[in-house]
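S.K.: Residues per chain are reported as follows:
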Amino acid sequence: MQLRIFEWFSPTKHDGARSTAKDRMRNMLTHDRLELPAGRLESLEEELVAVVSRYFELDKDTTQFDLQQYERRTSLIANFRLLRSKC
Amino acid sequence: MSGRVIVITSGKGGVGKTTASANIGVALATSGASVALVDMDIGLRNLDILMGLENRVVYNLVDVVEERCKLRQALVKDKKLPNLSLLPAAQTRDKSAVDADQMKALCEELKSMYDFVLVDSPAGIEQGFQNAVAGAEEAIVITTPEMSAVRDADRIIGLLEARKDEIKEYRLVLNRYRPTMVQNNDMMSVDDVLEILSVKLLGVVPEDEEIIVSTNKGEPVSGTDNVRSGLAYRNIARRIRGEEVPIMDLEVKNPSWMSRIVSFFNPTVRV
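Protein sequences, first through last, are from chains A and B. Under our numbering, the final residue of the first sequence carries the number 87; numbering is consecutive throughout. Under our numbering, the final residue of the second sequence carries the number 1271; numbering is consecutive throughout.
Just chain A, same shape as in the assembly (with noise of 0.2 Å):
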């Protein structure tokens, strides 16, 4: 009841169930489409990371691992910061 009286003077709408819904659905569709086990990316991430590392020094607090969506096409972006190269 607190809250509604907040969003009754509020001019801004409550984060609602709406953008949980869209990020789970995307979530959800990038999996089934590809037809990808859960915990399937995650042991790819772990690999990918143990190759570069190979080869160069990475600052692993900013490696970011993505699946993008563009038209029902699925990309996988990595991306590593390369701090200097292992010789």
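By construction, these hints were calculated from the structure, which means they are not laboratory data. By construction, the Cβ of each residue, glycine as well, lies at the ideal position given by its N, Cα and C atoms. There's no promise every hint is true.
[To be verified] Sample of chain A residues at the chain B side, in silico, Cβ under 10 Å:
no., residue
1, Met28
2, Leu29
3, Asp32
4, Arg33
5, Gln69
6, Arg72
[Stated by the list, open to error] Straight-line Cα separation of at most 20 Å, SDA-like style, residue types lysine to any residue; simulated pairs:
no., chain 1, residue 1, chain 2, residue 2
7, A, Lys22, B, Lys1200
8, B, Lys1168, B, Arg1004
9, A, Lys22, B, Val1190
10, A, Lys22, B, Asn1184
11, B, Lys1200, A, Glu71
12, B, Lys1012, B, Arg1155
13, B, Lys1079, B, Glu1066
14, B, Lys1217, B, Arg1228
15, A, Lys60, A, Ser85
16, B, Lys1200, A, Thr74
17, B, Lys1168, A, Arg72
18, B, Lys1012, A, Thr30
19, A, Lys60, A, Arg72
20, A, Lys86, A, Glu42
Model the placement of chain B on the given structure of chain A, informed by the hints.
M.R.: Same frame as chain A, now just chain B:
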């Protein structure tokens, strides 16, 4: 004449395929086109009820395929629109009663008789769906803005994509849309669903109690004036015929102070 064969499908059951088939059929026929509605939900016949034709069904689609009657004998004419006919499903058989080749042949024959052949597909992605799609060149995918329905629609779109050689075009109808809930950020919007599915939009049909009333009467809403969902279906029919019709304004006006007070004390009442 060579008409267009359009399959109406959804994956998930209960999202409004049959209602959409009936209403789009009536709307197309009202605009002057000749239309055959084909109920492919063999074993679970319903389209005849929505059209108010359940008492006139003598033969059905399976009778035609198994040559117990001529196609023309099985087609049931609509009560009001002489250019609209229904080919009912069999109620006592199952999906295996017809195969894809038989369906293709049937659609070919219907296509030579009508401007539009609308095939109401059964729910699911199994043989019943595959048969319903067999003779079609276009598809209409129906979904509601709920997660489970959108997920199933995505699966159907994937299967339609795999049939690119036969299905030249598919578009989405977003059914049972609740603008108030979207405005309150409680439900996915039209744009959310389109973005997630990457699909072209054919129309948006608002949630409307009149649909239940019309089903009970056996008179699809698209034949009635002053009903929002009926207007949405008439717009869909015009878009199918190639007209540019903007999506109708679904925005709900700011609620009055009075109704805000009501909803404040009783949050379950949506105004």
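S.K.: Looking at the structure, which of the earlier hints fail to hold?
M.R.: When the structure is compared with the hints, numbers 13, 19, 20 turn out to be violated.
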